[in-house]
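Protein chains in written order, with this note's numbering: chain A, 1 to 156; chain B, 157 to 560.
Be careful, since some hints might not be right.
[As the list claims (entries may be wrong)] Once the Cα atoms are required to be at most 30 Å apart in a straight line, the calculated DSSO-like pairs of lysine-lysine come out as:
no., chain 1, residue 1, chain 2, residue 2
1, A, 71, B, 281
2, B, 319, A, 63
3, A, 91, B, 380
4, B, 220, A, 91
5, A, 71, B, 419
6, A, 63, B, 389
7, B, 220, A, 63
8, B, 419, B, 380
9, A, 63, B, 419
10, B, 346, A, 91
11, B, 389, B, 346
[Stated by the list, open to error] Interface residues of chain A toward chain B, partial, derived using beta-carbon atoms under 8 Å:
no., residue
12, 10
13, 17
14, 29
15, 32
16, 35
17, 39
18, 43
19, 51
20, 64
21, 69
22, 94
23, 98
24, 117
Source of the hints: derived by calculation from the structure; they are not laboratory data.
Small disclaimer: the values here were computed from a predicted structure and weren't measured.
Even for Gly, the Cβ is constructed at its ideal location relative to N, Cα and C.
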Amino acid sequence: MTQAILGTFPFLREPAVLQTRQLSLPHVWWELHADGAPSELRAVAAQIFSLAPTSAAAERSFKPRSRVHNKTRNRLSDNNDDKSQEIIFNKRQARRFNGDVLLQPRTTRMEAHVLDRLSRGSPGVEGGDLCVGAASTRWRRWQPERDGRVARLALL
Amino acid sequence: MSAERAEAVSMAYAEAVFASGGKFGYCTNEKEWGAFWAMLIGPEWRPPLRHIMSEKYMNLVFHKVDGGVRAVLGSVIGGCYQYDGWTGPNGEQVFSVLFGAPLPFYLSSFRISGRRESADPLVAKVKEQLLLVECATDGSWQRRHDTGFVTDWPNVNRSARTKLLEADAFSFAYGCAAHAMSNLCRGIVKLPSVLLAVAFCTMLSKFFHGHHLPRVHFIKEQEKETPRPTAMKLFLPTRWTGAARLPTSTLKNRGTITTVLFKSKQRAIDMDFPTSLFDAVMDNDNWDNVAQWELVLCTLASITNYLQADTTPLSGVHASFLSLEASLMTKTFLAAVRDQVRSFIKARYATIVTLAHVFAFFLHPLFVQFREASRASAVKPYSEMDAAVCMDAAKRLVRATSEA
């Protein structure tokens, strides 16, 4: 663990990471590129990257519900309401997969923006490949489909 | 048309209607739709009746979708619950539970009876949801997986998080980062100099957008500019990225506003504008103040956008707060203002940070270069060394896995 935090594993040294970090989602990266890492560390990484940082999806799930269960259609039973919400939301989420492949660009514009800010605040650290085009980034709406890159995902 | 074919068509029709949120009896009783379906498929097929849609086909489509989702959820390595409350059209309190790793799928919703909900029934309901997933995957899920739990800010949710963590139901329970960033934005907007900038932009926006004659002159001038500036927008506190739209759109229209006012002064257009408006627009300090805070608000908006995405990893939270701190360092802020904003960031981050956020940052390959920024950060709300925090998080995960 100390080796992972200090970055002394060969696969965590910067040139190696810079070459591979764009290729996959973080827990897939740990599966594909973390040669020499103990299996416990890989398991821990898989678990930690399965956590979501936000409950915004729960907010978003109410939008289709409010469309189905509205002021002019307010006698809908809880059962049908619940099922409608699941059908609409989960079908939309499932559309983001092609088989077991999640259709998502590895590095989004917003991620590049965060990296750009970080590199400006870290003297001596170049943003590198990910910050190209983001140096003058002002607020832009996140449009993952623009990149159109596909990230291979093992399970989810 | 054979019976099997008619059933397949009805099923596909029902799936399309439910997936788009249409009504159950959609287009069954209208002659025009009947003619359309007859031309498309043939006169022998008619859409199912309303009560058949709401009973038979609702259940069929639901079980089809649910089966696919449960199969995915049963195979995930870890997992995170998200839940949030909503007030329905009849004033009922509905809570939705989502589960994913990290892309969330909707699990179910439940109602809380009574006008004021408390944490205990919520905790009981969430534990029921845990059992739901366990049953759906033949009881193997709880033994194999470790979970997180994330909610937004109301007291009842925070209390439920604490109770669930104490009951050892989850390894990590924390607050929503997108909500935190939105609240941070609201806190920053209340600073006096930001209030000045917002008031200046709101005044311009309302004047040139809310009154007929100024609006006509304004739009005429806008049409002469290439590219045409965007419309001026008001501050929308209910939209997470609404704070940035006001100063951005105002700055883009600075040239148009100035031209309109000068033309009025030179009698090129037939309208008298207030002298105070002219003075305010000609004062460069106002524009400098707006430009200064617009960068901060835009950074906040872009980070909020990033954090609210389903596919944003947990490591993005620590990185976002560090990048926000870094963006302050490069601006020409007064030291006192910078310290105040930094203290806001630190206080807001303290409400959501857990060991997992820091640990995820240190494990993410994208942020390997920026580990030093974390070590030197003044906004991180914990006093321990990063390595110690990561070690604690790893121990907690390993312990939870071994117990499972």
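If you check each hint against the structure, which ones fail?
Violated hints (numbers, rising): 3, 5, 9, 10, 12, 15, 16, 17, 23; every other hint is consistent with the structure.
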